[in-house]
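Read top to bottom, the protein sequences are chains A and B.
Here the first sequence is numbered in the working numbering, starting from 179 and rising by one per residue.
Here the second sequence is numbered in the working numbering, starting from 179 and rising by one per residue.
Some hints could be false.
To be verified - Ranges between beta-carbon positions, derived for each pair:
#, chain 1, residue 1, chain 2, residue 2, range
1, A, G779, B, S270, 47 to 57 Å
2, A, N946, B, S270, 56 to 66 Å
3, B, S270, A, R596, 52 to 62 Å
To be verified - Computed footprint of chain B on chain A, listed as stretches where at least three residues anywhere in the stretch have a Cβ under 8 Å from a Cβ of chain B:
#, region
4, 634-647
5, 978-986
None of these hints come from the bench; they were simulated from the model.
Every residue gets a Cβ at the ideal spot worked out from N, C-alpha and C, and that includes glycine.
This is what each chain is made of:
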Amino acid sequence: MRVLSVNRNFSRNTVPVIGVLMKLITTLSTVSLLLSSNAFAAGINQTKGVFEDKFRQLEEVLPTPNDYRNAAGEPGKEYWQQQVDYEIRAVLDEVERHISASQTVSYTNNSPYALKYLWLQLEQNRFKPDSLAERADAFGGIGRRGSLSKLPENDEPARVSMAELRRQQFYADNEIGYTISNVVDETGTALEYIITGAQMRIDLPVAIQSGSSFVYKLDYEYNILEENAVSARAGYEHFPDDAGKDSNDIFLMAQWFPRVAAYSDYEAWHNKEFLGRGEFTLEFGNYDVKMTVPADHIVAATGVLQNPDQVLTATQQSRLDSARDSERPVFVVTAEEALENESEGTTDTKTWHFSAANVRDFAWASSRKFIWDAKGIQQGGDIQPFIMAMSYYPKEGGDLWKNYSTEAIVHAIDVYSRFTFDYPYPVSISVNGPVGGMEYPMITFNGPRTIWHEDGSRTYTLGEKRFLIGVVIHEVGHNYFPMIVNSDERQWTWMDEGLNSFLDGIAGREWDPDIPWGVEPRDVVEYMKSNVQVPIMTQSDSILKFGPNAYAKPAAALNILREVILGRELFDFAFKEYAQRWMNKRPTPSDFFRTIEEASGVDLDWFWQGWFYSTDHVDISIDKVYQLRLDTLDPDIDSARRRNEEIDRPNSLFVERNKEEGRKLWVDLNRDIADYHDENDRFTVTNRDRNSYTQMLEDLGPMERVAFERAIEEDKNYYLLNFTNEGGLVMPILLRLTYENGMQEDRMIPAEIWRRSHAQVSKMIVTNKGHKLESVEVDPGWETADVDIENNHYPRKIILSRIEAFKAEDRSKTDIEYRDLMHDSKTELEEPKEKIQKK
Amino acid sequence: MSLFKNIWPLCGVVGLLIVCNTLLAHQQKEAYITLLFNKNTGNLEVSHRFLLHDAEHVVSALLNTDGPLATDQSAQQIFATYLKSGFSVSDSDLKPIEFKDVGFEVEGKYFWVYQEVTPPETNALNIEHVALQELWPTQQNHINVEKDGLVRSARLSASSPRAKIELP
Chain A
179 MRVLSVNRNF
189 SRNTVPVIGV
199 LMKLITTLST
209 VSLLLSSNAF
219 AAGINQTKGV
229 FEDKFRQLEE
239 VLPTPNDYRN
249 AAGEPGKEYW
259 QQQVDYEIRA
269 VLDEVERHIS
279 ASQTVSYTNN
289 SPYALKYLWL
299 QLEQNRFKPD
309 SLAERADAFG
319 GIGRRGSLSK
329 LPENDEPARV
339 SMAELRRQQF
349 YADNEIGYTI
359 SNVVDETGTA
369 LEYIITGAQM
379 RIDLPVAIQS
389 GSSFVYKLDY
399 EYNILEENAV
409 SARAGYEHFP
419 DDAGKDSNDI
429 FLMAQWFPRV
439 AAYSDYEAWH
449 NKEFLGRGEF
459 TLEFGNYDVK
469 MTVPADHIVA
479 ATGVLQNPDQ
489 VLTATQQSRL
499 DSARDSERPV
509 FVVTAEEALE
519 NESEGTTDTK
529 TWHFSAANVR
539 DFAWASSRKF
549 IWDAKGIQQG
559 GDIQPFIMAM
569 SYYPKEGGDL
579 WKNYSTEAIV
589 HAIDVYSRFT
599 FDYPYPVSIS
609 VNGPVGGMEY
619 PMITFNGPRT
629 IWHEDGSRTY
639 TLGEKRFLIG
649 VVIHEVGHNY
659 FPMIVNSDER
669 QWTWMDEGLN
679 SFLDGIAGRE
689 WDPDIPWGVE
699 PRDVVEYMKS
709 NVQVPIMTQS
719 DSILKFGPNA
729 YAKPAAALNI
739 LREVILGREL
749 FDFAFKEYAQ
759 RWMNKRPTPS
769 DFFRTIEEAS
779 GVDLDWFWQG
789 WFYSTDHVDI
799 SIDKVYQLRL
809 DTLDPDIDSA
819 RRRNEEIDRP
829 NSLFVERNKE
839 EGRKLWVDLN
849 RDIADYHDEN
859 DRFTVTNRDR
869 NSYTQMLEDL
879 GPMERVAFER
889 AIEEDKNYYL
899 LNFTNEGGLV
909 MPILLRLTYE
919 NGMQEDRMIP
929 AEIWRRSHAQ
939 VSKMIVTNKG
949 HKLESVEVDP
959 GWETADVDIE
969 NNHYPRKIIL
979 SRIEAFKAED
989 RSKTDIEYRD
999 LMHDSKTELE
1009 EPKEKIQKK
Chain B
179 MSLFKNIWPL
189 CGVVGLLIVC
199 NTLLAHQQKE
209 AYITLLFNKN
219 TGNLEVSHRF
229 LLHDAEHVVS
239 ALLNTDGPLA
249 TDQSAQQIFA
259 TYLKSGFSVS
269 DSDLKPIEFK
279 DVGFEVEGKY
289 FWVYQEVTPP
299 ETNALNIEHV
309 ALQELWPTQQ
319 NHINVEKDGL
329 VRSARLSASS
339 PRAKIELP
């Protein structure tokens, strides 16, 4: 049934509300039809016309659900994953910066298939000249971490950076990559294997049947990379200015042992070679690791220390014990003790023994420079009632680390666990070294440090403080994604970085909302409006702009999903459901998409399509607002309105100028022959009109009469709003209605309004009598990453550009937050210098 | 003299700094620069948006000032000057476009630098922006040129610091 019409032709059966006075407030905008790519072109195509279905169901492109991962996005009834347990015995040669080790690996095949070979990842070989990564590195391309090259251009020659030179020289001076030997089975029988680039295949004498295990052993060694020369996410950092005889190093040990590749139901062997960007995924397993290091080193590692009596002093053990219930971190190794350590050195060794259960990787750090503090977390619950949060850092970390590293661990666990599950590990560690930020189970590497001053003091800026807190929260957060919810970083970076960036924003805002944490939708506007981007659903090594694509855009998308589309109650339940379903399991993107939809009860396929599968952006324009008025159909009322509207229109310019010239009108000069038409205008009501009206009322059915009379009595305001989707990405339309009486009202039009017309839609809004609309604004809180706010206003407003606003508000003043107050506050007062005046 | 004279080879001091600051594995180094043909003013306006934390590192590592982005106007001015000296635009005939300084400010986590000019008649802009790229080789300076409601973009990196953008 039509309720309102913009023309005056109506029949009696279309209910009374028909005759409509349409008043165009203004008409400013142009409408453009959007032609955007269809993510589903491979399957079903719209081959005629311009209609584009932004709401096509994602099932068309997602993998078919099966017994391993079902249509709800949860592990299926036949879900399986492999288990790989490691025993590693390693020796760190500090002088040679060399690791030699042996490993015994127990591989349990829980898949329904027999495996004839095992694939291993040898990430240290990624840095060898014959690795796929090195051979495939394009000169002048986006480049590798830490160094770059530049193609010749115009009259400029080709160039390489100093960092690239240093990297090449490091490679030339050092033998890079694993040396692997003695690959044998449990009985000591040699196994066939090949090494190809950064991967290794061990051929098995007999296939590992489903449900069976296989044990192999191998010896390996490699020269530890200098992280500052190679940017390998791990390695050593040398401190030439330390007081020790041979000076000191910090060793960050990761990707440090041959690791069995993942084998899954959806990809089989994950033997896509490491190219340097797409990070890692492994199988869960139990680790028993002994590392022999210089006796004065302190070792931090994934897992629980098994032999504290042999490697810690009684005092250190006592301090650790007291940290369990301490309100603030307790020093296990004090700054003074660490300084003493680094100035001495030793040739003795100690062996540290760690054990870790059900983790997907193992990393560690070792140095005599480490200060060590600890603080217990009484988490409660059944999973892991007690956690020890610990930080290891050199004097270069100083008070910045003393004050905030361990506390940031505690805060991260508190917030992340609320959104997911109880932190399941007994320890959580933050280590300062040459890596800016990197995560492994139970242990993270974080880079921020203090500023050294010539008076020997160390201070830090507010910016560096924020950076440390932020990076510790972020890296500790990676325990949840992807260390526990074991997504494949090699394929989909957004599944860990995007989700983690979303959560670190939440944790940051709960630390101090005055600090600009996290990703606001407005932060991704400049990226999303650009024409140089790839969809979020792009394999990690092929992403053009890694930060905005894999971190910021998915984080902003999840913020919008939570705050705008689903609301916190639905989103938080669905997000937690995803985390808990896939805790210690291996999810794929489809499992995430399906779980959030299934648990929230909201069809979000349009959202995944727009934000994750396309490069569309958000730009919704409000083009026109029509004011509509309900006709009473009473000719005495409606005709009077029409007459007044006619009077309100501007007079003819010709007529006005004739008046100004004093022209006499013929009708005025000849009033003696005026007739009925001169005395009655076209709005004059006759009894014929009145009879028609009363007959119409008489003919109304009971329901129609009630509706009509109520509508007339209420005399509401009707407005027709026209919108254009300029950016292509369908989104809810967030409206702020401002009324002439000064009141404001926010309304949300769901995204589904675009389902049959993705480019333009109209929406009627009805307001109570007295609430006459003065203006309309789309997305007033900048919640949707709308890239153009100028077309968000009706009537249009002049939106000052950033520079215009800067000039108008005279904002050219300094910001006090980024002073190094700690340092500046020590400045001595000085007498002003005498200014020499010109004579 | 350009502050960028030592970006590439044979620059011992800067070379060490390159190495020292490539460690921020999870910080994504990027800045956004918008060149807006403003219909209201008739000007070509340039807004450089850099992360404040990045700016701090530049100030302390490259610009030899006595503190990280100190509160005094002079330190911020040095950073602003540094940014602008790495930025250049020429028209389709490769004639340089000289921008007038408007100012700079800190807003939240960003440091902004503003410039403007009465735009010449041209059907393309040749843009170069090398700021921060000697400090972080992965630094990307993302350019959006906005004119008549259309956006044309380029990603400028140390390996590819220039781009030609055709105007609508």
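Evaluate the given range 52 to 62 Å for the C-beta pair formed by S270(B) and R596(A). At 57 Å between Cβs, range holds.
If I claimed the Cβ atoms of N946(A) and S270(B) lie 56 to 66 Å apart, would that claim hold in this structure? holds, 58 Å
G779(A) and S270(B), beta-carbon distance inside 47 to 57 Å? holds, 55 Å
Is the coverage entry for the region 634-647 of chain A by chain B consistent with the three-residue Cβ rule at 8 Å? holds (count 5)
Under a C-beta cut-off of less than 8 Å, do 3 or more residues of the region 978-986 of chain A approach chain B closely enough to confirm the stated coverage? Three-residue rule met by the region 978-986 of chain A, so holds; n is 7.
In summary, this structure violates none of the numbered hints.
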